[in-house]
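In the order they appear, the protein sequences are chains C and R. The first sequence runs 1 to 386 under our numbering. The second sequence runs 1001 to 1353 under our numbering.
By construction, these hints were calculated from the structure, which means they are not laboratory data. A quick note: this is a predicted structure, and the numbers were derived from the prediction, not measured. Backbone N, C-alpha and C define an ideal beta-carbon position, used for all residues, glycine too. Watch out, some of these pointers could steer you wrong.
Take a look, some chain C residues computed to stay more than 10 Å from chain R by CB distance [unchecked claim]: (1) 51; (2) 167; (3) 183; (4) 223; (5) 228; (6) 284; (7) 326; (8) 329; (9) 332; (10) 333; (11) 358; (12) 362; (13) 369.
Which chain C residues stay away from chain R? Per the calculated CB distances, all over 10 Å, these [unchecked claim]: (14) 59; (15) 62; (16) 94; (17) 117; (18) 211; (19) 227; (20) 265; (21) 295; (22) 347; (23) 355; (24) 360; (25) 367.
Sample of chain C residues at the chain R side, in silico, Cβ under 7 Å [to be verified]: (26) 193; (27) 194; (28) 198; (29) 200; (30) 204; (31) 205; (32) 207; (33) 208; (34) 224; (35) 252.
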Amino acid sequence: MHKREATRGIARAIALGSLILTGFAQTAGAAVPTVTVGVIVGATGPVSSIGIPVKNTIALLPRMVAGAQLRYVILDDGGDPGVAVKAMRELSEQDHADILIGSTSVPTCVAVATVALETQTPEIGIAPFPTNAYTFFTPQPPELMLAGLIADMKAKGVTTLAYLGFSDSLGDHNYQATVKLASAAGIRVIADERYDRTDTTVTAQVLKIMSRHPDAVFVSAAGTPAALPQLELARRDYRGHVYFLHGAINAEFLRVGGNALNGITASAGPFAIVDHLTDDNPVRSQALRFREAYDAKYGPGSAGTFAAYAWDAGVLLAAALPTALAKASPGTVAFRVALRDALEQLHDVVGADGVYNMSASNHNGLDARARVLVTVRAGAFVPLQP
Amino acid sequence: MNPEIALLLLQDGLVTGSTYALLALAAVLLFTTTRIIFVPQGDLVALSGLTYASWEVGKLPASVWLLAGLAGLATLIEIIAATRSRRFRALPRALFTHAILPGLIVVLAVCVSARPPPLPLIARVLLTVALIVPLGPLVYRVAFQPVIAASISSLFVVAIATHFAIEGIALIAFGPEGVRAAPLLDASMTLGPLSVSAQSLLMIGVTAASAAALYLFFRLHMLGKALRAVAVNRLGARLVGIGAERSGAVAFLLSAAMAAFTGVLLAGSTTLYYDSGFMIGLKAFVGALFGGLISYPAAVVGAFLIGVLESFVSFWASAYKDALVFAALIPIMWWLSVRGHTEGIDDDEDSTL
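Bound-form chain C, shown alone (with noise of 0.2 Å):
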């Protein structure tokens, strides 16, 4: 019993000081107003490939924007739509957060924005989701990327199309808009096959692929596993052209593919072949600020593509506050109101991928400079020459 009470009081204790300390803090900090940012980002789990890159951004984001202090909770959802709800719950209630950046694959950035809705905060998703009022995205949405594989299908003359992507929510997506876009282009999508991330092998889709003398090939997959079917295809030597998304553009996707994906065309990101940007591109500057601010803290060469859709939300999250904190302060649904007004306002917003213009009807705003087309030479990304 005694010890019991004894425990309590230390507990009390801790509380007390505690209580003061934060207090002390609060006042300390009162001079400046602090935004606080919450952060979900899948960094374990099947989508860590994205989510450890866009975590590592999060550390080279603004800590002072107009006079306003950003203070980032992060919180990691492993992939898992109701772990990403929770996070989402914890950083509104607790944390009383003013704005959410993630989270970082599709499932988890719908999951999130219901609750992004309901608490009248506004999300930065780091995927390409359907958004309500208050979520906006910046990576490319992939009928933007889809539209201009497609119109190099045509201009290469390609009939006739085969669809290979991943079993999944994303793969369906995909398809559909890959059967409507083409159509509309006079291709004809001759095979649906799918596969999985950890899939060993892909030669029986690979077979039926080929059985069917498709003219070119659409691997919608992304990082890593894209490179599997390609490799399968090169051994059958497949003739045809084969396409890849902007989701397969990494360091990763070279090193595993090799020789196998010299003369892949993929749609990609400006970022992607910042090297052969020319002065002129809008993008270079900002993506050369974000490659040298990543590879200092990272490491030569290690600033990829998802970390630029993380700097990009910290772009336009810079660009919206000062409007948003002239009217409101922060930790108040006036400033989350305000910040998604703004955020739903931005024009010319230069990121390191592409060139943001808001509207209410467009929560992504990127247009045709956020998309390049490239292929693989002796192990790096080129711009594709037409």
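Knowing the structure of chain C, use the given hints to seat chain R on it.
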């Protein structure tokens, strides 16, 4: 589908099946001798593949630190157990296997990694095997031996927890991106419409050799006979002086060795991720169920069947591939239950040990 495609699918299925067969053998070995459904077997395969790929690029694989950590933990457990029971006679031997031997391997790996790459092929393979094989007995010592008398379902829960631990460590150690290594044998020959790579022949060869070696070990070697005795009747084996603990460690050693070889071979033929192992292990487990988790030949046949089934199903309906492969469980379970409870392992009798 024409006969040529069918033949190509069969070839692909057999190569995949040989991987499953190696893992299915390990699953049966572990289940019969320890009653553990060892879920992380696939994770050890992934660890081995990632380790091998690290050596290829001349980097010290992060599995070194996993081995060092596990060895430290196991040593601590041994010392505490000896101090508590005040029986120090077995301690030197335990320290040798749990501290000195893994320590030597860690030191060797660190020294070798300081050398400029590239390492010769045989050194890469041997170093990978040396780093992965001790993980088996160490995982057994740390996670399973303290609760070895628990029921099959409790052991299964521990196995799942171990799986999540190993997978999480693999993510931290090796990162989220996939790796690939050069094949051990870079050659191929043409057989009619088939192009047969030397690597795939090697995979089937290693599976066949492992099955044969296991058979001979169980028939001819005293330790193998002891393992069989434990599998048939744990209580009886104990009464004639066969320690369940030691046989468990031996079984884990053998299964980790199989995982190590599988990983090295797989890394040379496909992209491996930190979480690749789970699916491979699960499919091998379905294969092993063909023999009710107690028959080696049936497990091998089942594993090859799963491999071929997967290949053909991928051709017909790739989007439903995994669902259809796991749906094969339903007829297997039905058949096993119709055949009745025969020489299966009796949980009740064992948990009283």
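Cross-check of the supplied hints:
Its closest Cβ contact with chain R, about 8 Å, brings residue 51(C) to no more than 10 Å, contrary to its assignment away from the interface. Once the 10 Å rule is applied to beta carbons, residue 167(C) is inconsistent with being away from chain R; the minimum gap is 5 Å. Annotated as non-interface, residue 183(C) keeps its C-beta farther than 10 Å from every C-beta of chain R; the closest such distance is 21 Å. At roughly 7 Å, the least C-beta separation between residue 223(C) and chain R is not larger than 10 Å, which violates its mark as non-interface.
Consistency note on residue 228(C): stated as away from chain R, yet its beta-carbon is not over 10 Å from all of that chain's, at 5 Å minimum. For residue 284(C), the requirement that its beta carbon stay farther than 10 Å from each beta carbon of chain R is met, with the minimum near 27 Å. The beta carbon of residue 326(C) sits about 41 Å from the closest Cβ of chain R, which is more than 10 Å, so the claim that it is off the interface holds. With 10 Å as the threshold on Cβ separation, the claim that residue 329(C) sits away from chain R holds: the shortest Cβ distance comes to roughly 39 Å.
With 10 Å as the threshold on Cβ separation, the claim that residue 332(C) sits away from chain R holds: the shortest Cβ distance comes to roughly 38 Å. The Cβ of residue 333(C) sits about 37 Å from the closest Cβ of chain R, beyond the 10 Å cut-off, so the non-interface label holds. The claim that residue 358(C) is not at the interface with chain R holds, since no C-beta of that chain comes within 10 Å of its own (minimum 31 Å). Listed as outside the interface, residue 362(C) is consistent with that label: its C-beta sits roughly 31 Å from the nearest C-beta of chain R, beyond the 10 Å cut-off.
For residue 369(C), the non-interface assignment is confirmed: its Cβ lies about 29 Å from the closest Cβ of chain R, beyond the 10 Å cut-off. The Cβ of residue 59(C) lies farther than 10 Å from every Cβ of chain R, with a closest approach of about 18 Å, so its non-interface assignment holds. With a cut of 10 Å on Cβ distances, residue 62(C) stays outside the contact zone with chain R, its closest approach being about 27 Å. Residue-level check passed: residue 94(C) sits 25 Å from the nearest beta carbon of chain R, beyond 10 Å.
With a minimum CB-CB distance of about 30 Å to chain R, residue 117(C) clears the 10 Å threshold, and the non-interface call stands. Distance check for residue 211(C) against chain R: the nearest CB is about 6 Å away, which does not clear 10 Å, and the non-interface claim fails. The non-interface label for residue 227(C) is inconsistent with chain R: the shortest C-beta to C-beta separation is roughly 6 Å, within 10 Å. With 10 Å as the threshold on Cβ separation, the claim that residue 265(C) sits away from chain R holds: the shortest Cβ distance comes to roughly 21 Å.
The claim that residue 295(C) is not at the interface with chain R holds, since no C-beta of that chain comes within 10 Å of its own (minimum 17 Å). Remark: the non-interface label on residue 347(C) is consistent with the geometry, its nearest Cβ contact in chain R lying 36 Å away (cut-off 10 Å). For residue 355(C), the condition that its CB be more than 10 Å from all CB atoms of chain R holds, with the nearest at approximately 29 Å. At roughly 36 Å, the least C-beta separation between residue 360(C) and chain R is larger than 10 Å, which holds for a residue marked as non-interface.
Residue-level check passed: residue 367(C) sits 30 Å from the nearest beta carbon of chain R, beyond 10 Å. Taken as an interface hint, residue 193(C) checks out: its beta carbon lies about 5 Å from the nearest beta carbon of chain R, inside 7 Å. Taken as an interface hint, residue 194(C) checks out: its beta carbon lies about 4 Å from the nearest beta carbon of chain R, inside 7 Å. For residue 198(C), the interface hint holds, the least distance from its beta-carbon to any beta-carbon of chain R being 5 Å, beneath 7 Å.
A least Cβ separation of about 4 Å between residue 200(C) and chain R falls short of the 7 Å threshold, and the interface hint therefore holds. At a threshold of 7 Å, the smallest CB-CB gap from residue 204(C) to chain R is about 4 Å, leaving the interface hint in force. Given the 7 Å rule on beta carbons, the hint for residue 205(C) holds: about 5 Å separates it from the nearest Cβ of chain R. Annotation: residue 207(C) was flagged as interfacial toward chain R, and the flag holds, the nearest CB pair being 5 Å apart, inside 7 Å.
Evaluation of the residue 208(C) hint against chain R yields a held restraint, the C-beta minimum of about 5 Å falling below 7 Å. Taking 7 Å as the C-beta cut-off, the interface hint given for residue 224(C) holds, the closest approach to chain R being about 4 Å. Because the closest C-beta pair between residue 252(C) and chain R is about 4 Å apart, less than 7 Å, the hint holds.
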